[in-house]
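J.: Could you put the whole structure together from the sequences, leaning on the hints where they help?
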Amino acid sequence: MSQASAKKHFAPIPSFQQKLEEENLHVQRGKLKIFQINMGKLCNQACSHCHVEAGPKRKEIMEKGTVTRIVELLSKAPEVETVDITGGAPELNPHFRYLVREARRLGKAVLVRCNLTVLLEAGQEDTISFFKEQQVQVISSLPCYSKKNVNQQRGNSVFEKSIQALQELNRQGFGVEGSGLTLNLVYNPGGAFLPPDQKSLELQYKQRLKEDWNIEFNQLFTITNMVIKRFTKFLQQTGKLTEYKQLLFENFNPAAASQVMCTELISLSWDGDLFDCDFNQALDLPLAAKSTNIWKIKDLSELSKNIAFANHCYGCTAGAGSSCGGALE
Numbered sequence: 001m002s003q004a005s006a007k008k009h010f011a012p013i014p015s016f017q018q019k020l021e022e023e024n025l026h027v028q029r030g031k032l033k034i035f036q037i038n039m040g041k042l043c044n045q046a047c048s049h050c051h052v053e054a055g056p057k058r059k060e061i062m063e064k065g066t067v068t069r070i071v072e073l074l075s076k077a078p079e080v081e082t083v084d085i086t087g088g089a090p091e092l093n094p095h096f097r098y099l100v101r102e103a104r105r106l107g108k109a110v111l112v113r114c115n116l117t118v119l120l121e122a123g124q125e126d127t128i129s130f131f132k133e134q135q136v137q138v139i140s141s142l143p144c145y146s147k148k149n150v151n152q153q154r155g156n157s158v159f160e161k162s163i164q165a166l167q168e169l170n171r172q173g174f175g176v177e178g179s180g181l182t183l184n185l186v187y188n189p190g191g192a193f194l195p196p197d198q199k200s201l202e203l204q205y206k207q208r209l210k211e212d213w214n215i216e217f218n219q220l221f222t223i224t225n226m227v228i229k230r231f232t233k234f235l236q237q238t239g240k241l242t243e244y245k246q247l248l249f250e251n252f253n254p255a256a257a258s259q260v261m262c263t264e265l266i267s268l269s270w271d272g273d274l275f276d277c278d279f280n281q282a283l284d285l286p287l288a289a290k291s292t293n294i295w296k297i298k299d300l301s302e303l304s305k306n307i308a309f310a311n312h313c314y315g316c317t318a319g320a321g322s323s324c325g326g327a328l329e
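Counting in full-length UniProt numbering, the sequence shown runs from 1 upward without gaps.
One or more hints might be untrue.
Unchecked claim - Calculated lysine-lysine pairs in the DSSO-like style (CA-CA distance at most 27 angstroms, straight line):
| # | residue 1 | residue 2 |
| --- | --- | --- |
| 1 | K108 | K298 |
| 2 | K305 | K31 |
| 3 | K31 | K59 |
| 4 | K298 | K31 |
| 5 | K229 | K57 |
| 6 | K132 | K206 |
| 7 | K298 | K64 |
| 8 | K199 | K245 |
| 9 | K199 | K210 |
Source of the hints: derived by calculation from the structure; they are not laboratory data. Remember, predicted model here, so these are calculated numbers, not experimental data.
T.: Written out as structure tokens, the structure reads:
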């Protein structure tokens, strides 16, 4: 067998929990600061990297009773500083604006993970104005500043629509210096490799988007692709699953492991189930506790500090680390 055709062989990867023990790391949830809420899997896009496997045909969507219960829990949780709303495209949920208004009324900062193109859908004409009225912080995925790479990952014409939405956000002040309105972008790799340095890539994004489209934004967050759902299928189809898992393991960063997002975050699914993070939710990996649903607890302080880990967690601890707020180091 030639060297070119020989397959790579890797030693078995220890469980993530084993790795933490080897590194003498005891990772638990501390003060709960972020309540992340998935309002459903309905989306106007079907991106190849989406760990939620959201799309236009998904029927899972949060009901009003669940939203009302969330507001009730938030009213008894002064320790929660931020409500992080995601999907799917959360703007497509008919109760989305009610949740935003109530969270803001309770004094919480509200982040919305917006895919940009949803802002151009029928019925969303005033969504940016609503964001501005409620002082919502907008976080939007833009995996590259080039048309080809974005459309390849997110679908035909997505880049053009994303640029149009970003320009409108800028017109209403989002991402513009001195406006007080936050617009952050998210980069995730288009293949089986780690993100580059976040700060350096942010400078490239700012230069190219300003020069090419006169677009401004506040920060760029780099997020590692997780070995779950659609990205796992991509890795299997390209024969890179084992190699990518090894890459994450070999780049394990103890400093990032001590800062993983689940140490200050809890994630809620569209049907009211609680998880340690959005990725555990996608895998239906329940909390390391008896109470795993918002109707089975009196308040959020009852949640266990223990965290359920599995090998996909190597994605959050590789290199500079990865979280919903970008690199950890």
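J.: Each of the hints needs a verdict: does it hold here or not?
T.: Going through the hints against the structure:
1. Simply put, K108 and K298 have alpha-carbon atoms about 20 angstroms apart, close enough for the 27 angstroms limit, and the pair holds.
2. Taking the CA atoms of K305 and K31, the gap is near 9 angstroms; set against the 27 angstroms cutoff, the hint holds.
3. With a C-alpha separation of about 34 angstroms, the suggested pair K31 and K59 falls outside the 27 angstroms cut-off, and the hint is violated.
4. The hinted pair formed by K298 and K31 meets the criterion: a straight-line CA distance of about 17 angstroms does not exceed 27 angstroms.
5. With a C-alpha separation of about 17 angstroms, the suggested pairing of K229 with K57 holds against the 27 angstroms cut-off.
6. Straight-line distance between C-alpha atoms of K132 and K206 comes to about 22 angstroms, which keeps the hinted pair within the 27 angstroms bound.
7. For the given pair, K298 sits about 19 angstroms from K64 by alpha-carbon distance, which is consistent with the 27 angstroms threshold.
8. Taking the CA atoms of K199 and K245, the gap is near 25 angstroms; set against the 27 angstroms cutoff, the hint holds.
9. Taking the CA atoms of K199 and K210, the gap is near 17 angstroms; set against the 27 angstroms cutoff, the hint holds.
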